[in-house]
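In order, the protein sequence lines correspond to chains A and B. Residue numbers are given in our numbering: position 3 of the first sequence equals residue 3, and the series is strictly consecutive. Residue numbers are given in our numbering: position 347 of the second sequence equals residue 347, and the series is strictly consecutive.
Hints listed in this document are in silico derivations from the structure and should not be mistaken for laboratory results. Just so it is clear, the structure is predicted and the values come from calculations on it, not from any experiment. Check before you lean on any hint, since a few could be wrong.
Stretch-level coverage of chain B by chain A, calculated; a stretch enters the list once three of its residues show a Cβ under 8 angstroms from a Cβ in chain A [said to hold, decoys possible]:
1. 237–248
2. 424–431
Covered stretches of chain A (chain B as the covering partner; in silico rule of three or more C-beta atoms under 8 angstroms from a C-beta of chain B) [as the list claims (entries may be wrong)]:
3. 37–45
4. 57–69
5. 75–83
6. 86–92
7. 133–139
From the structure, some residues in chain B lie toward chain A, with a derived Cβ separation under 7 angstroms [what the hints assert, rightly or not]:
8. R16
9. R18
10. F23
11. V25
12. V34
13. E177
14. P195
15. G689
C-beta: ideal position from N, C-alpha, C; glycine also.
This is what each chain is made of:
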Amino acid sequence: MKVALRINGTLREAEVEPRKTLLDTLRENFHLTGAHAGCEHGVCGACTVLVDGAPMRSCLMFAVQADGYEITTIEGLAPAPGELSVLQDAFCETHGLQCGFCTPGMILSSHALLEREGSPSRQEIVEAISGNICRCTGYGQIIEAVEFAAERLRKANAPRGSALPHVGAPGTEPSAQDDAAIEHGILEAATAHDGGPK
Amino acid sequence: MTADPSTFRFVSSNRRVREDRRFVVGNGHYVADVPLEGMLHVAIVGSQYPAARILGIDASAALAMPGVHYVLTGEELAGAVDQLMNGLDTPNVRRFPLAVGQVRYAGEWVAAVVADTRALAEDASEKVRVSYEPLPYLTKAGEALEPSSPPVHPPHGSNVLLDKTFVWGEVEKHFTESPRHLSFRVTWGRNSTVPIETFGVVASWDPWREMLDVWASIQMPKYPDQIARALRIPANNVRVHQDVDVGGSYGVKRGIKHTVLVAHLARRLGRPVRLLEDRLENMRGGDAHGPERIFDVDVAFNDEGIVKSMKMKALDNAGAYAGRAPFQLGKPIGAIVGPYKIESVQYRAQSVTTNKAVQEAVRGFGQSPTNYAIETAIDKVARACGLDRVEIRRRNFIRADEFPYLIPSGTRYDSGEYHTVVDKVLAHIDYPALQAERDRLRASGLLAGIGIAACLEPSGGNSSFEPLLNEKNQTTTWMDSARINVDGLGFVTVTIHTTSAGQGHETLAATVVAEVLQIDPDLIRIVRPDSLACLPSNTPVGSRMAIMLGGACFHAAQKLKAKLTRIGAFRLGVAADVATYENGAVADPASGRKLDWAELVNIAHRGFHLLPPDTEPGLEATHVMQVPTGDKLPEGGRVQMYPCHSFEFHMVLIALDPVLGKPEIRRYVIGHDCGTVINPHIVKGMTLGGIAHGIGAALLEEFVYDDEGQMLTQSFMDYLLPSSHEVPQVEIVHHCTPSPFTVFGQKGSGESGYLGAPAAISGALNDAVADLGIFFDKLPIRIFAISDAVAAARANPTGKTAV
């Protein structure tokens, strides 16, 4: 059967068997190998992609079922080759991964959370990633990454010069404190909202 | 220790982990991402019986399907390859990738179907007709000890693979002299590391070049050698590509049977062949289960709670084939007394075959089960003596001034400050407040308990347990290597010689080389050549890479620095021992003249006439590192096992509703001392991940077999892995006691957390239910076991319940 999928903003067509999963189609037909097969029965979440913005198991969905939906894969998050999204960068900052196999799914689930909730509580983050099993990290540094990304995104949207409640002394540029918050971090996002290096 | 910590620039600093960048964008290079032209795909036909004679295999219907290329049986394969290696001297326990003549566990691989796609191969595998004659079988280790039990391998004569008793010190005398004894049995359930990526391998054979190329999701010492031996080809005809990212391993990614199978198929069919396990193949037939062990422990102690002697019998259910399973009884000998001054030990190690899936090396290589038994003993002695469980540990700990400390079984512990770590954890957690919180929870109607575990992580992995358990094995080295090359433009490339499964070896190597050469780590490229271009490596087993790869990088960088210094000194006209090296430049301290990095590189690459006499041009250094200590064969049943011993001290508070039985971890603190930390992010991740893994082993994970010999937990619906809901926020209290045996004072951390978490959680649950007369003596302790035991105890308040 012919399917037309809008993947990472581009309409792509393929001829697939009706029984072919969205996961296999993404990997084999479109060479998007960031989604991984972990259990192929919908538990581990390594195959997670976003379908119209919501995390879905691509191993439990046939490609033909995805026809007409907006699919976002991990390959669609980085703004440009060699660059990282704020969330991806936050995972690097906190080392929210080890082997990397669950990471694309973990980041997409977290991305969906941050799209709808700018200030998620720890419990909301735990809930959002609870469908993604990580065998390496014990989740601690993943949760830190999502918290850190949320904080950065909030600051990125703050008006220039405004003092956020959790940011230090009055009159200090929030951006000037960004680097102080994390040791030794060089964050692309840190320079995004005032246009200059610090 | 060779380096001065006060001068560290990059070591111990919170630098990013360089591997992370490729993974966060989905650009990892896993075995499933290796595209080869014309690749064929394999699906497996698994046995439905735990034991049966194979009467015949009819593949005609499968072969008649379009797109199906081949069906391989065990008979054909056994004629073409040699049997897989056993760790012990058990030549009649013969193992091939596919069953030969007889199946020995449900799920064992019987035939391999090769087709154009994996889906077609799976379709065709359903059409392969195997006729069986069922045979008697057994699943329990206790039965396997009976001479009348049905032999899993009749030519071997019995089901006993190993039964060896060690006596270290005056055990009987100490037992006789000690006023108090107690004994108990605990059982460690069969679980494993179960990586989210299953095992996979791609092989391709070029008959004109006579070269077998292999890409695999592998973490295995001597992997290319074992492939070559099994296929009866020269080892330099095997090229394993090490630049494959491994999606988690923690010990088990050792698919030698998978590899031999696809390598044979690639040769037979003249096409590249790929086998990626699906989850079912992985769980029941991937041969990657972990230890399943019954401990019988006796301890001799006095009224002050000082444990003088211990007798431990460990009976391990190896499953249907030997593999390396019995060795997982050997490694814990290197820390058989844990952090305690137990003066003598009798240890009986028994490994038996049953009709269950095969074991593979699992994180800690048997140490976590052993620690669970030791810590249970210490808790029981505390209870018998009416002592606090922290206090009794303090009384039995080896003191900081007693290191290096020789334990009865022959290992000398390197260093440790156990009392200090405990003090720091108690101060952090506020122990009286934690006890008050437990009592408050109890008063509110919940069950609540505190768990405590103190244990060691032997690290630096040698293989001394091999000659200890198998006299024919004379191995005394377990080296690792690094090579550094500075190119003609002055850029530094380091080669490391194994695959990596998330342990951050590229970051480790860059950090260490940069530290020694005093250059920016981010300027250093790390590569993993294929195995034919590799120096010796024994891969990341035994919590060894910080020590062994870090050590090899350190020594190679020292050699390179020495060469740069000689070149610079010669050009400056001073003696090499007078010249100084700083930030990549060599200076004459007297005159202040110096040569910078570019000038030194230019001389080495272009100016032979400026080099000191007898100096090779170019800038390259190599180091093959021997494991520090542990370089002798065993004597009298004693041997130095691993060189370094990290320490961890767990405290956990668990509460649970007595009706529901679901444990909630309210507080989890770990004191962790792995010596000098090279990268804090990596060590933190290992520790938190290890605790999560330990929570799984303690509460959730088990490969359960029913009375028919069938595995019930074949999917993630039944074999439960901890999710973010089950893993609590863990607080880490750091301490650093450098090892005197390593270059920066580092010790291992790859198994941290996992080695003590099961014991701590078991201790907390048993503290919670002790007043009900319940003792949970088997892991995992599942929700239903808890609620059933509590209900039974409440219905019958006088009875003692062991669950």
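Min Cβ distance, B:R18 to chain A: is it shorter than 7 angstroms? violated, 9 angstroms
How does the coverage statement for the stretch 424–431 of chain B fare against chain A, requiring three or more residues with Cβ below 8 angstroms from a Cβ of that chain? violated (count 0)
Per-stretch coverage check for the stretch 57–69 of chain A, three Cβ contacts closer than 8 angstroms to chain B: violated (count 0)
For the hint on B:P195, just tell me whether its beta-carbon gets within less than 7 angstroms of chain A. holds, 6 angstroms
Are 3 or more residues of the stretch 75–83 of chain A near chain B, judged by a Cβ distance of less than 8 angstroms? holds (count 3)
Are there three or more residues in the stretch 237–248 of chain B whose C-beta lies within less than 8 angstroms of some C-beta in chain A? Since three or more residues must qualify, the claim that chain A covers the stretch 237–248 of chain B holds, with 4 doing so at under 8 angstroms.
If you take the shortest Cβ to Cβ gap from B:R16 to chain A, is it below 7 angstroms? holds, 6 angstroms
Can the hint on B:V25 be confirmed by a CB-to-CB distance to chain A that is less than 7 angstroms? Since chain A brings a Cβ to about 5 angstroms from B:V25, closer than 7 angstroms, the hint holds.
Report holds or violated for the interface hint on B:F23, using the least CB-CB distance to chain A and a cut-off of 7 angstroms. Because about 3 angstroms separates B:F23 from the closest Cβ in chain A, which is inside the 7 angstroms limit, the hint holds.
When I compare C-beta atoms, does the stretch 86–92 of chain A have three or more residues closer than 8 angstroms to chain B? Three-residue rule met by the stretch 86–92 of chain A, so holds; n is 4.
Tell me if the interface restraint on B:E177 is satisfied: Cβ within less than 7 angstroms of some Cβ in chain A. With Cβ-Cβ at 44 angstroms, over 7 angstroms, it is violated.
When the least beta-carbon distance from B:G689 to chain A is tested against 7 angstroms, hint result: holds, 4 angstroms
Violated hints for the displayed structure, listed by number in ascending order: 2, 4, 9, 12, 13.
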